[in-house]
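Peer 1: These are the residues of each chain, in order.
There are 4 protein chains.
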Amino acid sequence: MAGNTFGTMFKVTTFGESHGLALGAIVDGCPPGLELTEADLQRDLDLRKPGTSKHTTQRREPDEVEILSGVFEGKTTGTPIGLLIRNTDQRSKDYGNIKDTFRPAHADYVYDQKFGFRDYRGGGRSSARETAMRVAAGAIAKKWLKQRYGIEIQGFLSQLGPIKLDVKDLSQVYENAFFSPDPDAIPELETYMTNLRREGDSVGAKITVVAKNVMPGLGEPVFDRLDADIAKAMMGINAVKGVEIGDGFDVIEQKGTQHRDEMTPEGFLSNHAGGVVGGLSSGQDIVVHMALKPTSSITVPGKSINRQGESIDVITKGRHDPCVGIRATPIAEAMLALTLIDHLLRHRGQNADVTCETPIIKGQA
Amino acid sequence: MAGNTFGTMFKVTTFGESHGLALGAIVDGCPPGLELTEADLQRDLDLRKPGTSKHTTQRREPDEVEILSGVFEGKTTGTPIGLLIRNTDQRSKDYGNIKDTFRPAHADYVYDQKFGFRDYRGGGRSSARETAMRVAAGAIAKKWLKQRYGIEIQGFLSQLGPIKLDVKDLSQVYENAFFSPDPDAIPELETYMTNLRREGDSVGAKITVVAKNVMPGLGEPVFDRLDADIAKAMMGINAVKGVEIGDGFDVIEQKGTQHRDEMTPEGFLSNHAGGVVGGLSSGQDIVVHMALKPTSSITVPGKSINRQGESIDVITKGRHDPCVGIRATPIAEAMLALTLIDHLLRHRGQNADVTCETPIIKGQA
Amino acid sequence: MAGNTFGTMFKVTTFGESHGLALGAIVDGCPPGLELTEADLQRDLDLRKPGTSKHTTQRREPDEVEILSGVFEGKTTGTPIGLLIRNTDQRSKDYGNIKDTFRPAHADYVYDQKFGFRDYRGGGRSSARETAMRVAAGAIAKKWLKQRYGIEIQGFLSQLGPIKLDVKDLSQVYENAFFSPDPDAIPELETYMTNLRREGDSVGAKITVVAKNVMPGLGEPVFDRLDADIAKAMMGINAVKGVEIGDGFDVIEQKGTQHRDEMTPEGFLSNHAGGVVGGLSSGQDIVVHMALKPTSSITVPGKSINRQGESIDVITKGRHDPCVGIRATPIAEAMLALTLIDHLLRHRGQNADVTCETPIIKGQA
Amino acid sequence: MAGNTFGTMFKVTTFGESHGLALGAIVDGCPPGLELTEADLQRDLDLRKPGTSKHTTQRREPDEVEILSGVFEGKTTGTPIGLLIRNTDQRSKDYGNIKDTFRPAHADYVYDQKFGFRDYRGGGRSSARETAMRVAAGAIAKKWLKQRYGIEIQGFLSQLGPIKLDVKDLSQVYENAFFSPDPDAIPELETYMTNLRREGDSVGAKITVVAKNVMPGLGEPVFDRLDADIAKAMMGINAVKGVEIGDGFDVIEQKGTQHRDEMTPEGFLSNHAGGVVGGLSSGQDIVVHMALKPTSSITVPGKSINRQGESIDVITKGRHDPCVGIRATPIAEAMLALTLIDHLLRHRGQNADVTCETPIIKGQA
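Chains as they are written, first to last, in the working numbering: chain Z, 158 to 522; chain D, 158 to 522; chain S, 158 to 522; chain C, 158 to 522.
Any given hint could turn out to be false.
Identical chains share a label here; the pair holds if one copy fits it or two copies do between them.
To be verified - In silico BS3-like cross-links for lysine-lysine, where the CA-CA straight-line distance does not exceed 27 Å:
(1) LYS300 / LYS321
(2) LYS412 / LYS303
(3) LYS321 / LYS412
(4) LYS325 / LYS300
(5) LYS325 / LYS232
Calculated from the structure, these hints are not laboratory results. Quick caveat: nothing in here was measured; it's all calculated off a predicted structure.
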């Protein structure tokens, strides 16, 4: 079954390979009447964009998105929104040498097994470049959630390798290249990354994303639980290997008396649950953490095999982020927004703001 | 959108409340020709069944499943399999007093917000009793995966509160009430649980589940990744707050040189990835961990509110497991089986074993 | 992909074979708060029930439906509704002789090609007996549509073989065994059917179903058009070979000036469109016609082959309706109701009546 | 729920308005390894293209399609195929005057009711221009069906207004502007159309489409029947008001002895069923007919209302086909191809040709 669509009511389908002609997406199910221009998408795309600092891939592309449909006179029409970004800086010849090679920890081997062959240029469809489209679609969702319900979504880097970051000032997150909520830690992060690049190695990271002002009762009780759909959304981001809601793995050692979030007329007394109980939102902040593995493309040689099954040594050249986790912050925000808008539209319907229940023509033939 | 269905090609839909007349499921998409009787399902149901030890709920029900359709002359027909378990030991009057009360960490409040009211008897649809049907459906999937592809799925308890369990002897997992892979740890587990019950408290747990002999290439590259669908399946189990594939949250501090699983003609040299790369299976063991929160129903009084928004104190009586994680092992096995069979049938089709491509009648009118 | 589910927001999944233990369904997505008892379903089931007149199959079953879940204190809870009808009058030995035989115009041959073998007793899953579950689920949809929006759905027999029926008195439709809207035509219908049974032959029929008071704007512009979904629903009824909306095949010879439904402030001046324009409801009556083929089970011998591909002569014994179209009226009503409720819930959401947007607990932790 | 996607395994999602910047589609689920270039799509697009004869709209666009992804070194990769056609000849100012007007038989009124407002330029999303994308996607499906299974799909005009066309020479269908299978009837068709244009009126049409060499057993028994999905596909084409499989509405007056297709070891003796029995393909030709209403855009004035509910007279100017049915032939072919490939991939899986069951790496870590 075709697997490139996310969501049911607010449905995002993407296409495009890293070194193909273009990336694109169709956003189907956006409610009509939302004011929308390319600039609304560009802000988030620029946050994710490569080449913004020396700590991320040196590929430089404007990543300019074009809205091809679904907007008329500045407002969404309720029909599908077509999005397009042309690729401009593909250096595909960098990749000719990996045509018959399976790089360790890359999707090379598994793509070959699944599809019989692969577009090896820059990882093809497995490249994180595809996530640009998720960010663009997520920006639409974020705008609607904010305008219509005051829901705000904010992500940040919470750990880079061994360096844990405190949440000191969320307003600084988009002001630094690390999405760090602790501006004071930036020199330490920079030193760490510089050393890492020198070694030709890479490192993992932890990202946190929070949604505020979500009403209670969103989600479904059994399979399509809100937390289950969040887990799918986050584990579906390239390089993610773990997802937590609220206290996550810390709950293993918690007692019931300690974990439960007691309620008073003034509100909850704690938020160990991370805003989801029984598969439904509780009205508290939804808090999600995720772990991202170290970038697979590193220059330290590694053992592998080729398509003929022979032993080889592999060095991955090209332009890569030594820590893919850094740029994952806007992607995680986008995926949480897409999950929330989908459940919100399940609840309230696609067009509940519109007045088809009060017809202009009353009579019948 | 209705949310009680899991899967696309092998589709499981469940119904039933804890204290209603019955639990049931429809398993749609099981390939034809699989030998199947109630006994195949009963073994796993008995493992999940309450009342099997003093450490789990004292509700006692035979949980006898009936296959109502989809099997003819001992074999699946390819048409939907109807499953039914009648409830027999509902003591609903135990729950009358919580009708207007929201128990902390329960789904009471969020159900009321979503549905306007709720079946409060035993948690209604939010009760873990619903998972019996997942276990029954999972048993069908497990049998087919084993017979047709040799795929084996094995879960176990890896941590209970502070007690971490070593994998000493997997053959002992189903022989003890804790699903412990370390038979020597059982006395310690029993003492811990006895004390816990005495305190009227509960505790969290960690479960691991492994799939062996999965071929490489199952999954989809972008949204419907195998790991994303596993994350959804696991986070959708009651009480789960975190999911990891392979090294999970340990990847945060790993270097690329350390994390990558190098390949040789004889096989991979490690399995940090946990059997999934780029959203597709690698052919290695698929390794999944999950964290389960402590049981919410405890007898230590807690602060809460009622439907009128007034402050109250709550004690949860009834028959409950002090550690819901213990009985989650067969549920996690079932959910992994359901995820794998769904992706396998996407890959190979629902009826690829059958010969419709060689028609009995050749000619046309 | 598993194919036994209808709908997306109001999702009906059925199971059961003609001569198995039971028929059942899960109705997932019914909004909470609808008053519902078995009696609400039984009325429509009784209309479809076999053995009610000498002109339909003589199989006699009470077809008593049991609601197993999803209703609490007389009201739907928003969780899945499990439905069950036990089979009681299966005379399976009647069918032993067709085990290796493909009856012409039956699903025998195609089932064998698809599944490799089949439950041959009474047609197994291909029996129209399965439609009892659609009628039961449809009765829930009809009740909600009526109560919440005043939408009424009415079907009737519009032609039986060569006999065309005028719409003289819709209130008489459920009062006669033919669902005839013309009570005066009943003697002619009875004579025709008696002769037909004497010949051992069968005949086709035309059914019409109308929905009143549907608001304008339901449906989707492109693929999931309201008319497209109605066509799928109706063509999915056993024996249906043609579906029309409004003027249907008569439009071929119509001019644009003749076909277009002109509008005035007082209403439309005609309803050639049958209530659907551009894939969306217009607010006029939705008018659907369908053609049903003659019953395939007849006693006149016919040429066929057996599983070995050898030539044989076939006579179909058993208890059969000489005109399957007659009993299709309540099925067509049910399928139109299921299509409309699904689109209505897409529009307005599953829980838009419920107040999750005004939380009881205001504060956050 | 978003409604712009067709199919489940071979999933086509389209975007674009008549007078927007572009039309586009994502084809997700095309098996890997199919040789594909723009030229494969362009042939069918040219058949549907406006401006090819004086009997169709005089809008002139090259309709040049660009493949943006999913093809590498001339072959499909199994990843989504992005398709794009830029609009070039939009004369939007022609439509300014209908901004506040509801044209009879157009989607103007119902779009306004559903979405609250509409892109009125050229009908926006309701324009048949959207079908260009279905034709492009269908061309991919047709090529795969032909190459892999020898399945051939052929449509033709079977009636235009009162003129019924005999199937004299199918090889001539694409050689004349009417898709007529009777080349001798072309002068009559031309005269009829010329008079029609002179009157400023329009007329309906009947289209037939046939699939040859489909194996028996494709489809599903109950809801997702092959005939039900074909009915949805065809009724989803703009202007279609009726769909028949095989004998269609003629079955009403047929006897069972007449309708049933008897079988012999040499083949079926007739094809009244039109190649689908019990929801599954029989191996015979699949024969589908559909009725298309007359073009709504005509220059004869008609009564209508405006957005304020006031009475007005409407004349539709612009460039329109007096018979939309004529250009529907390639669209119907595309929709039948998309329905068949979807069911075929359900049966045989998305990647069953690929060898992931024989892994290159045998060992495990």
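Peer 1: Which constraints among the numbered hints does this structure fail? Numbers only, ascending.
Peer 2: 1, 2 and 5
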